[in-house]
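Please put together the full structure from these sequences, using the hints given.
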Amino acid sequence: MDSESLVAALTIFVLALFVGFEVITKVPPTLHTPLMSGSNAISGITLVGAILSSGKQYSTLTTVLGTLAVALATINVVGGFLVTHRILGMFRRKS
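So the number in this note's numbering is just where the residue sits in the sequence shown, counting from 1, plus 15.
A few of these clues could be false.
What follows is a set of in silico ranges between Cβ atoms, one per label pair, in the way DEER data are often shown [as the list claims (entries may be wrong)]:
id, residue 1, residue 2, range
1, Leu25, Met105, 26 to 32 Å
2, Met105, Ser18, 20 to 26 Å
3, Leu32, Ala56, 16 to 22 Å
4, Leu83, Glu37, 19 to 25 Å
5, Ile57, Phe106, 19 to 25 Å
6, Lys71, Gly104, 37 to 43 Å
7, Arg101, Asp17, 44 to 50 Å
8, Leu97, Ser20, 37 to 43 Å
9, Gly59, Glu19, 31 to 37 Å
10, Ser20, Leu83, 16 to 22 Å
Read the hints as simulated data drawn from the structure, not as lab findings.
Where a beta carbon is used, it is the ideal one built from N, C-alpha and C, also for glycine.
Next up, the structure:
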């Protein structure tokens, strides 16, 4: 991987971080609960992309960043499902 493509990849990565942060912070708190299932699906797609990125092993940097992305996306998916399960539990009738 030459230096130009590395710079391009890092630029895209940093821009994706900024865009993702801006999108997440613009969602009002009242919409976080209904959107949790949809965001879990998106996080699952992110997880697949991270696995593919780390598996290609273009360079040590891409492998490390891909592995870090796999770990963070996994935490996000598991945490999202736990929160969704807890929220759905609040709507169950008590016996």
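Evaluation of the provided hints:
{"no.": "1", "hint": "Leu25 / Met105: 26 to 32 Å", "in the structure": "42 Å, violated"}
{"no.": "2", "hint": "Met105 / Ser18: 20 to 26 Å", "in the structure": "52 Å, violated"}
{"no.": "3", "hint": "Leu32 / Ala56: 16 to 22 Å", "in the structure": "21 Å, holds"}
{"no.": "4", "hint": "Leu83 / Glu37: 19 to 25 Å", "in the structure": "21 Å, holds"}
{"no.": "5", "hint": "Ile57 / Phe106: 19 to 25 Å", "in the structure": "23 Å, holds"}
{"no.": "6", "hint": "Lys71 / Gly104: 37 to 43 Å", "in the structure": "40 Å, holds"}
{"no.": "7", "hint": "Arg101 / Asp17: 44 to 50 Å", "in the structure": "48 Å, holds"}
{"no.": "8", "hint": "Leu97 / Ser20: 37 to 43 Å", "in the structure": "38 Å, holds"}
{"no.": "9", "hint": "Gly59 / Glu19: 31 to 37 Å", "in the structure": "32 Å, holds"}
{"no.": "10", "hint": "Ser20 / Leu83: 16 to 22 Å", "in the structure": "20 Å, holds"}
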